[in-house]
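Enquirer: Residue-level listing of the chains:
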Amino acid sequence: MSNVHVNTRVRSEVDTSGNLTFGYSGRLDAATVGTLWRQTAEVLRSAAPKRVSVLADEIAYCDGSGVGLLFWLRLRGRRDGFSVEFKGLREDLAARLEMFDVEAFAAAGQGRRNHFSLPDKVGHYIWGFLEDVGEHLAFVGELFTATVKCLVRPGQLRWKDVFLTAERAGANAVGIVALLGFLFGLIMAFSSAMPLRRFGADVYVADLAAIALVRVIGPFITAVILAGRSGSAYAAELGTMKINDEIDALTTMGLEPVRFLVVPKVLATMLVTPLLTVIANLFGLIGSGIVILSIGFPLVTYISHVKSAVDVDVLLIGVVLKGIVFGGLVAGAGCLRGLQTQTGASAVGISTTRAVVSGIILVVMAEGLFAVLLHFLGI
Amino acid sequence: MSTQAGPIIQVEHVAAGYHETVILEDISFQVAKGEVLVIVGSSGCGKSTLLKHMIGLMAPLKGKVLIDGDDIVAADAEVKHRILRKIGVMFQTGALFGSMTLLENVRLALDEFTDMPHEAADLIALMKLDLVGLNGYGEYMPAELSGGMQKRAAIARAMVLDPQILFLDEPSAGLDPVTSAGLDALIRSLAETLGMTFVIVTHELASIFAVADRVIMLEKEIKTIVATGTPQEMRDCTDNPWVQRFFHRQAESRVTH
Chain A
-11 MSNVHVNTRV
-1 RSEVDTSGNL
9 TFGYSGRLDA
19 ATVGTLWRQT
29 AEVLRSAAPK
39 RVSVLADEIA
49 YCDGSGVGLL
59 FWLRLRGRRD
69 GFSVEFKGLR
79 EDLAARLEMF
89 DVEAFAAAGQ
99 GRRNHFSLPD
109 KVGHYIWGFL
119 EDVGEHLAFV
129 GELFTATVKC
139 LVRPGQLRWK
149 DVFLTAERAG
159 ANAVGIVALL
169 GFLFGLIMAF
179 SSAMPLRRFG
189 ADVYVADLAA
199 IALVRVIGPF
209 ITAVILAGRS
219 GSAYAAELGT
229 MKINDEIDAL
239 TTMGLEPVRF
249 LVVPKVLATM
259 LVTPLLTVIA
269 NLFGLIGSGI
279 VILSIGFPLV
289 TYISHVKSAV
299 DVDVLLIGVV
309 LKGIVFGGLV
319 AGAGCLRGLQ
329 TQTGASAVGI
339 STTRAVVSGI
349 ILVVMAEGLF
359 AVLLHFLGI
Chain B
14 MSTQAGPIIQ
24 VEHVAAGYHE
34 TVILEDISFQ
44 VAKGEVLVIV
54 GSSGCGKSTL
64 LKHMIGLMAP
74 LKGKVLIDGD
84 DIVAADAEVK
94 HRILRKIGVM
104 FQTGALFGSM
114 TLLENVRLAL
124 DEFTDMPHEA
134 ADLIALMKLD
144 LVGLNGYGEY
154 MPAELSGGMQ
164 KRAAIARAMV
174 LDPQILFLDE
184 PSAGLDPVTS
194 AGLDALIRSL
204 AETLGMTFVI
214 VTHELASIFA
224 VADRVIMLEK
234 EIKTIVATGT
244 PQEMRDCTDN
254 PWVQRFFHRQ
264 AESRVTH
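Residue numbers (this note's numbering), protein chains in the order written: chain A, -11 to 367; chain B, 14 to 270.
Only chain A is shown next, with the shape it has when bound in the complex (with noise of 0.2 Å):
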């Protein structure tokens, strides 16, 4: 009540016929208000009036705040079944009050939206879900043609957009995926190199290294720093378009938004996911090899062990093949999510967010199905 003007404040009495009278006096703004309304219900409630006068000749101000507290008895009146009579009140306040309407207050009240139970909302999400997947499916069918029309006639092709995309998410790229290469080899072959000590089996760590880097770990954290780098960055850029109406202008002048901004994207990035995934190898490599060297092994012991442990299949469809699958789902992925952002000021962060989300997820889904496969090939 710290807050209520000094001479604001509002009397109550009530008589035994239900004739509860409220007199307010002072300043009624935004600052009183809520005091005044809070003792104006506590009243209400414990009153139970048939009929309500207010006094409202000692009002020195009333501002819009002021008006809705004259304004709420009114609907409390409606709603609770009393009258509200107001007495002494001036000319120009009483024009503010008439300016709305109780009945269309009290219809719009009734008229709000209704929220969701929970078998709604389970259903809304699975609906949501399916959706979701009938829309990657379309979308998937969509690249896949545009892709191969480009392929066919390459001068559909955007191919300034593909350099400029490749240099953004291969060439910009290379220092923190050959920083994090080097840091994930120095950790494995650390974490590694003390338990297979201890059987005496040190020198196997190069293998391990090997093994895991080229296999899975190169390829998996590649794909996953481009998820992060450029996958949400193809989803903030379209999305942004999106929103700009940019991407309906483009199909309103007979241009096909997938080909024109999709594929130079995805082609792309699946073409330097690879190389990526070269140095991501190698630098991981440098970083077991720094470890190898550290607990006593020469380093042609350990080039030795590496060489055996992968040969030219293994490299292939961990680098090759494994870089083109991973790049194209990260891309894919944000640009899908890019181009199905919604409207207002969050929907490219909800776009951004989904993509990475979608692009690590695709990727990991992804590797369990080549370890499957691999393990069935015998390689």
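Be a bit skeptical, because a hint or two may be false.
[To be verified] Coverage of chain B stretches by chain A, computed from C-beta distances (three or more under 8 Å per stretch; other residues unrestricted):
1) 128 to 136
2) 141 to 150
3) 154 to 161
4) 167 to 177
If you are wondering where the hints come from, they were derived from the structure by calculation, not from laboratory data. Just so it is clear, the structure is predicted and the values come from calculations on it, not from any experiment. For every residue, glycine included, the Cβ atom is placed at its ideal position computed from N, Cα and C.
Add chain B to chain A, keeping to what the hints say.
Expert: The following block gives chain B in isolation, referenced to the frame of chain A:
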């Protein structure tokens, strides 16, 4: 004209610009309490920049802006807070918060700056929406509404704490003539019934004649005010080529359409 005595805004010898580029030089004028002042001028003449200086978003290169006697640039945090409680601003695009419903947008200031119970804040916000013709739209998200509705909701948000001054940046740009006329009528009625002061940036000739008590015209070439007066005085002004060009060429093109 519903003006009362005494200026509520004083702009004194303000020079404004971005980095090295000076856009406005030696701008001085006053706005009286309850007055509807319209700032006009060709594109790029610095109307919105001047508005940003008046609401304290930009500091002038020279001069000062006083709101109800307080210097908005030199003000410490407490004074600035007091000044900001006296003003409401509607930005050109509406600038509604996209993640909140209209009701949440409008009641935000009530929640943050007053101790009103939930029911009170809801009702007062709904009443403001009703004032701008948006009764029943409280639960809508801004993205679900048309541009005109968003602008009207932005006005409701700007005036939820009953500020003494409302600054409106191009309120009728991009609106159809009917919605635009409705908005003009709303501004006029708020000025007359609540005694609010308005500073409006616009280049809609019809709106200028519908709402303005006084017009200030800025000119890009000389970077300052070229003329000031009632809309009628500006229209009838014959000795100023910039004013003539602005008020007559537009008027002529409207007639010929």
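Enquirer: Against the structure shown, which of the earlier numbered hints fail to hold, in ascending order?
Expert: Result: no hint breaks.
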